[in-house]
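Colleague: So the chains spell out like this:
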Amino acid sequence: MEAFLHQVFSGLANGAIYASLALALVMIYQSTHHINFAQGEMAMFSTYLAWAMINAGIPYWMAFALTVIASFFIGLTIERVIVRRVADAPVLTLVVVFIALLVILNSITGWIFTYTIKVFPSPFPEQPLFGPYVSSHEAGVVGVSLIVLLLLFLFFRFTSLGLAMRATAENAVSSRLSGIRVGWMLALGWGLAASIGAIAGMMVAPIVYLDPNMMSGILLYGIAAALMGGIDNPFGAVVGGLIVGVLENLMGAYVVGTELKLTVALMLIIGVLIFKPTGLFGRSFVTRV
Amino acid sequence: MDGMHVNKTRLIFIGMVVLAALLLPFVVGSYRVFQFNLVLVYAIVLLGLNMLTGYNGQISLGHGAFYAIGAYVAAILMDKLGVPYWATVPAAGAVCFVAGFLFGFPALRLHGHYLALATFALGISMPQILKYKGLEQWTGGVQGIVILKPQAPFGLNISQDHWLYLFTLFIALLMFWLAWNILRGRVGRAMVAIRDHPIAAEAMGINVGAVKTLTFGISALYAGVGGALGAIVVQFVAPDSFVALVSISLLIGIVIGGLASISGVIYGAIFIQFVPNIADEISKAAPWAVYGLFLLAFVFLAPKGVAGLVQLLWGKAEASWKRVRAQKATLQS
Numbered sequence: 001m002e003a004f005l006h007q008v009f010s011g012l013a014n015g016a017i018y019a020s021l022a023l024a025l026v027m028i029y030q031s032t033h034h035i036n037f038a039q040g041e042m043a044m045f046s047t048y049l050a051w052a053m054i055n056a057g058i059p060y061w062m063a064f065a066l067t068v069i070a071s072f073f074i075g076l077t078i079e080r081v082i083v084r085r086v087a088d089a090p091v092l093t094l095v096v097v098f099i100a101l102l103v104i105l106n107s108i109t110g111w112i113f114t115y116t117i118k119v120f121p122s123p124f125p126e127q128p129l130f131g132p133y134v135s136s137h138e139a140g141v142v143g144v145s146l147i148v149l150l151l152l153f154l155f156f157r158f159t160s161l162g163l164a165m166r167a168t169a170e171n172a173v174s175s176r177l178s179g180i181r182v183g184w185m186l187a188l189g190w191g192l193a194a195s196i197g198a199i200a201g202m203m204v205a206p207i208v209y210l211d212p213n214m215m216s217g218i219l220l221y222g223i224a225a226a227l228m229g230g231i232d233n234p235f236g237a238v239v240g241g242l243i244v245g246v247l248e249n250l251m252g253a254y255v256v257g258t259e260l261k262l263t264v265a266l267m268l269i270i271g272v273l274i275f276k277p278t279g280l281f282g283r284s285f286v287t288r289v
Numbered sequence: 290m291d292g293m294h295v296n297k298t299r300l301i302f303i304g305m306v307v308l309a310a311l312l313l314p315f316v317v318g319s320y321r322v323f324q325f326n327l328v329l330v331y332a333i334v335l336l337g338l339n340m341l342t343g344y345n346g347q348i349s350l351g352h353g354a355f356y357a358i359g360a361y362v363a364a365i366l367m368d369k370l371g372v373p374y375w376a377t378v379p380a381a382g383a384v385c386f387v388a389g390f391l392f393g394f395p396a397l398r399l400h401g402h403y404l405a406l407a408t409f410a411l412g413i414s415m416p417q418i419l420k421y422k423g424l425e426q427w428t429g430g431v432q433g434i435v436i437l438k439p440q441a442p443f444g445l446n447i448s449q450d451h452w453l454y455l456f457t458l459f460i461a462l463l464m465f466w467l468a469w470n471i472l473r474g475r476v477g478r479a480m481v482a483i484r485d486h487p488i489a490a491e492a493m494g495i496n497v498g499a500v501k502t503l504t505f506g507i508s509a510l511y512a513g514v515g516g517a518l519g520a521i522v523v524q525f526v527a528p529d530s531f532v533a534l535v536s537i538s539l540l541i542g543i544v545i546g547g548l549a550s551i552s553g554v555i556y557g558a559i560f561i562q563f564v565p566n567i568a569d570e571i572s573k574a575a576p577w578a579v580y581g582l583f584l585l586a587f588v589f590l591a592p593k594g595v596a597g598l599v600q601l602l603w604g605k606a607e608a609s610w611k612r613v614r615a616q617k618a619t620l621q622s
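If you read the sequences in order, they're chains R and D. Quick note, the first sequence lines up with residues 1 to 289 if you use our numbering. Quick note, the second sequence lines up with residues 290 to 622 if you use our numbering.
No lab work stands behind these hints: they were computed from the structure. Even for Gly, the Cβ is constructed at its ideal location relative to N, Cα and C. Some clues are possibly wrong.
Here chain D is said to cover these stretches of chain R; the calculated rule only asks that three of the stretch's residues, wherever they fall, bring their Cβ under 8 Å from a Cβ of chain D [to be verified]:
1. 105-117
2. 174-187
3. 232-243
4. 261-274
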């Protein structure tokens, strides 16, 4: 029973990370209807920035804040410089652009920081705070993810900028007619997504260690979480992330072992999607013919 | 639409390309022959993927899985059952057709990104399934299977590489001819109609489900034939040759070559065979960054793929040629 509880809690902690990444994906999907395959590598790059700052002697939370801000501008720049040019291209062209971004970021990071695996510090204390089942890093990860979700909710619900971004996602043409600068809203969405991704990266790095390929599996789980929860629903993305995290951990520990757990977890998610094609919390759209 | 009608110039052009492909192994070194052999293999696989994704609009990020199944069917038949190499190609195609057809059923329920995820899951799980202990006596587990290179038949005095190249070229031509016939016929038009407007297609009397699953089957058949040929050419199959990256490069191949274009798959095949090597030569330190820049450059400069660019330039050349001729005619009169 103890081992089981431990698996559930560490699954929740992983799930919180998937949820953050899923949230970043939803952020971009809502406004542009693209799934950003480079999201994981952007997060990885941000985490390396944080690592470099911490190594240079900057205190953890200071480096954390600086990384979040720097990532925001990196995301903004990628949207303005690259993605904007192909915004109206067919979906598959965009997929190729995102794959290009993915390999470029991965390769450049490996080139600058080398491919050797690095240890990334956790800001949370060593001793468990909440009994023997939960490490304090796991608890901290869940807490940070919930804070991010809350801040996003407050931003979108109570600020006029958040309202403008929601309006852009809902109907770009009407928003432009009412004076919202649609292009900048999309760029802001990319910036926010990059920041959220950076937080996910910094939270996961103490668990999986820092290396240029650390995000590939996590991105896949993040995409699965976003799709399972409903790609247009931030709340669904978080629930999806937690479900995927727990499911993956329990599968790995009790049913099929770590080798096949990725496969089995994905099969289960696809099973859900076949019966509920818009995800658990997704809206189904009625299209006019 | 590209490749759907044939006029005289086009026929001559195709004939010249085939002739050049036939003569190619006799003018380049044997390693280049091997590389071009793989180009032909990729072209076959890309052709199948383009039918599914380009013409029928179903995204597949998991075609590497069918490619792997084809390769393993060929390898197991040759290594364990002693089947001759040429007989493994149709067998691999048939097995993959069934596998693709069956996968097409759940795929009917999924669209766009969801289908991309489902097929990607297939691509990711394939190496894990191939490594699975229970299948090890057939698949050889992590070690894979080594197969022998076939000899040239009929006492032909050419090297094994040359013979294999000609054999692959023959099958590739057959597959291209088949694809061209399928795509301009009833089924092909139904595929395009479903991509452009599934509801209207259904209203026109097309059985959408049947055509979509059939397309999945045909597409997997092409991947299987390519996989079998690939295994014979490389003489080796192992789970790690079929990682998810293979599926992604295949998708890149059809987008770079040109979606919904038969000739495009040749450009795409050349891209996925040679560009990684070129990138590696340009920068040893960060080859994938160079590869990514190549991708971005191609997408920005040729948004409709290389085939689209070629068509555009061809059209411009033809127009200016006509203009020059008209000018000459007016000068003479």
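Colleague: It remains to establish, for every hint, whether it holds in the given structure.
Modeller: Results for each hint:
With 5 residues having a Cβ less than 8 Å from any Cβ of chain D, the segment 105-117 of chain R passes the three-residue criterion, so the hint holds. Counting residues of the segment 174-187 of chain R whose C-beta sits closer than 8 Å to any C-beta of chain D gives 0, which falls short of three, so the coverage hint is violated. With 0 residues having a beta carbon nearer than 8 Å to a beta carbon of chain D, the segment 232-243 of chain R misses the requirement of three or more and the stated coverage is violated. A count of 8 residues in the segment 261-274 of chain R with a Cβ less than 8 Å from any Cβ of chain D is obtained; the coverage claim is therefore met, three being the minimum.
Hints 2, 3 from the list above are not met by this structure, while the remaining hints are.
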